[in-house]
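S.K.: Protein sequences, first through last, are from chains A and B.
Sequential numbering of the first sequence, starting at 1, is according to the numbering used here.
Sequential numbering of the second sequence, starting at 306, is according to the numbering used here.
Rather than coming from a laboratory, the hints here were simulated on the basis of the structure.
Each hint should be verified, as a subset may be incorrect.
[As the list claims (entries may be wrong)] Covered stretches of chain A, as calculated for chain B (at least 3 residues, CB under 8 angstroms):
id, segment
1, 23-37
2, 41-54
3, 78-88
4, 190-200
5, 264-271
From the three backbone atoms N, C-alpha and C, an ideal C-beta is built for every residue, glycine too.
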Amino acid sequence: MSRPNRRMITVLQPGPLALVVDLGRPGHAHLGVPPAGALDVPALRLANRLVGNPEAAAGLELLMGQAELRAESSCEVAVTGPPVPLRVTAASGSRPTRTRAVSSHRAVHLEPGEVVAVAGPSSGLRNYVAVSGGVDVPPVMGSRSADLLSGLGPSPLRAGQRLPLGPVQGAPPEAGVVPASEVAARASVAVMLGPRHDWFSDPTGVLRTGRWEVSPASNRIGLRLAGPALTRRAEYRDRELPSEPMLTGSIQVPPDGQPMIFLADHPTTGGYPVLGVVLPDDLPVLAQARPGTTVHLRPVGSAGT
Amino acid sequence: MRVLPYGPSALLVELDSVDQVRAVHSALHEAYRAGRLPDVVELVPAARTVLVAVRPGSSDLHAARAELSAVPLDRPPPAPSGPPLIVPVHYDGADLELVARTANCSSAEVVSMHTGGVYTVAFCGFSPGFGYLTGLPAPLRQPRLDTARPEVPTGSVGIADEFTGVYPRASPGGWRLIGRTEMTLFDPSAQPPAALAPGRRVRFRAAS
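Construct the complete structure from the given sequences, taking the supplied hints into account.
M.R.: Structural data, given as structure tokens:
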């Protein structure tokens, strides 16, 4: 079916890193394919609801904002994640140039040629942009998500890149503004111990009392933490672990004892022991944790497995 | 067999050998295909472990435990059905001489040993479609290079420890390289995307 007048948006400025994301491509780990997808899943789902999209539609994940998008056809846009100011500028050439300030966390209507500029968030890291109809790049293995580890899916967006939009579903955008709160400089996440907690000396005690800082070397593959070392018990000190499967939220501990928490673009297997797993409900907190954020890894009871 | 907790929605089965991994993986995969584990999201074999991940809140973790108790580990897993995938290889790898020297034989004998084996994809990892194949003749079970190459070309055929495999695309790598294939082993738009999926049988043939 030809679509000569396909709805589009143009990325005028991607900011530090802008990616197409949806809910990822789980179910392919046995082929070595990472899950990928939005790091702050509830924020992407909310953005989609605000513009009337199915929650799983593809949108954009912006790292530290500073992006500009131009509507090539009329559309609804919503930005979620940490609160961030937006500015909408009318089509260039219109007289006089009109600019209006709007807030994030609500649907904003754009006319063709209008540009929405997303500022840098004053807290948190990642904003999500949903556009009515969803970003309709070709899916790869069931997902439109970029994957920075394997290179599957669309590459990071470049200035001037045009993105096709899907058909509008007809659902009315959710009315009103959703309250959004700033991201705290301290993060407390619940951790279920296992499978390799028995490799470490007093893992519960170290987690309870220890505080770690998010390292600047963190990315979508994993959050690197700096703080008290998790040391191996004597009988495991020189033990090698044959590579085993990793999950989003797995806390892998290399020989230097500094934990790394795997995020959505993580490798499917890894060769260092996993002390425990961050509960899925707490992953969005980690998605927004800036370098320097203090992290408390709070041990909680096992599932009785 | 040990079953270890792995977060609220997964478990990790720890085993003694690649053969046991294959037995557990094929039994759970069969149960999934028969509809007995409908909520399984990921079933991932590795070198000595199998991951079972389910939808949050599903009772399939308990069901998977019940399936596990019925897996016979004391006999070899059933041979995968279907003819093996034939991978044509130009045996001109940068480490062919080193492999021959280490095995105390000629390069031609390395080729004849590598093409003589029948291999099985034990698991994938490292990068999409990178299969770890077991069944390597003993003289070819050799350690990795001391220093990994920053870039191994697409299609390179290598050996490392008990495994042989093919780099589906260019990447850094430390396996000893004995040849290369022009066959496409991973294409995300193909069905199936990975030619070397777990359980697949494989033979290598010297390309003319």
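S.K.: Hints first: check each against the structure and report whether it holds.
M.R.: Hints versus structure:
no.: 1; hint: 23-37; in the structure: holds (count 8)
no.: 2; hint: 41-54; in the structure: violated (count 0)
no.: 3; hint: 78-88; in the structure: violated (count 0)
no.: 4; hint: 190-200; in the structure: holds (count 5)
no.: 5; hint: 264-271; in the structure: holds (count 3)
Of the hints listed earlier, those the structure fails to meet are numbers 2 and 3, in rising order.
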